[in-house]
Structure formats: C-alpha cells, structure tokens
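Participant: With the sequences and hints as input, model every part of the structure.
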Amino acid sequence: MAYAKIANGTVVQVLDHLDGVIHPALHDGYTEVISSVKEGMTTQDGQSFAWPETAAPDPVEPVAPRVLPKLVFFQRLTTAERVGIRTAGKTDPVVEDWLAMLDLIENVHLDAEDVTASLGYFVSEGLIDANRVPEILA
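Residue numbers are given in numbering that gives the first Met the number 0: position 77 of the sequence shown equals residue 76, and the series is strictly consecutive.
Everything labelled a hint here was simulated from the structure, so no lab data went into it.
Mixed in with the good hints there might be a few duds.
Said to hold, decoys possible - Cβ pair distances, simulated, as ranges:
hint, residue 1, residue 2, range
1, Phe-73, Pro-51, 49 to 59 Å
2, Arg-81, Pro-61, 30 to 40 Å
3, Ala-54, Thr-115, 49 to 59 Å
4, Arg-65, Val-122, 28 to 38 Å
5, Arg-131, Ala-54, 35 to 45 Å
Backbone N, C-alpha and C fix where the C-beta goes; we use that ideal spot for every residue, glycine too.
Facilitator: Following this line, the structure appears as structure tokens:
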C-alpha cells in the first residue's frame, strides 16, 4: 500500500508510509492507494487512477521546398540587378563563384542558406537593394 495526496483530481505526492514523514495532523490529507499509483495520475473518485489522456498533436503539414527553375529566379531580378551581378562577377571572386555555382544547377532553392547569404552579400556590395530581397525570395 501507499498514500497519495490528491489535489484537484491529480496525484501530487505518493509516499510509502506517513508515520515519521508527515505530521499526524496532516494524515487526513492523504488517501490510501495501491502501490502502482504514481504522481501525475488522475482520479475522479479517489479509488481508480489513470494517466491523463493527452490530446494528439495537430498534424504538421509538410512545407514544400520553395524551388524555382534558374530562369524564373533570374527573372525575379531586374535587368539592372542582373547586369550589375554579372559585371561584378568579372572582378569579385565571391560573385564569380556564385555565378559558377548557378551554372551547375537547374533549380534554385529559395530557402537554401547559400542563396540567402548570397543575396545578403549582394546587398552589402550595393548590387541589389535590401528591400528587394523579400520580393526576390517571395
């Protein structure tokens, strides 16, 4: 046997014995229960105990990757932005590398770290305006 303190229908404490652990004046606050009762269990009647039912989590809708064909991605850039990036690629090794990487792929993953980092670099170099980045990645 064990002794459980129950508050609002939930077992908040379970003790093997009360004598020497809890002051005798507080013994009435404990219910004698079977030894399998554990803290956190719930009861409606103080006699039967069960683990509370947990609601199933809402299903998570998978987020489809945001992928564009390379041409469509470039069409999101203005002509001035595209020309500026290509011109910078002739003297800036970072831009040159980005353009070379784009030559190796067919699709641009808009959420890829290298894409967002590259656009950030282009902003820092004045090749595109910071306000354009959300439009390009939309």
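Participant: Check the following: the C-beta atoms of Arg-65 and Val-122 are separated by a distance inside 28 to 38 Å.
Facilitator: violated, 20 Å
Participant: If you check the beta carbons of Arg-81 and Pro-61, does the distance land in 30 to 40 Å?
Facilitator: Cβ of Arg-81 to Cβ of Pro-61: about 33 Å, so the range 30 to 40 Å holds.
Participant: Using the beta carbons of Ala-54 and Thr-115, state whether their distance is inside 49 to 59 Å or not.
Facilitator: violated, 36 Å
Participant: Hint says 35 to 45 Å; check whether the CB-CB distance for Arg-131 and Ala-54 agrees.
Facilitator: Given a distance of about 44 Å, which is inside 35 to 45 Å, the answer is holds.
Participant: Within 49 to 59 Å: is that where the Cβ-Cβ distance between Phe-73 and Pro-51 falls?
Facilitator: Holds - the Cβ-Cβ distance for Phe-73 and Pro-51, about 55 Å, lies within 49 to 59 Å.
When held up to the earlier numbered hints, the structure conflicts with 3 and 4 and fits the remainder.
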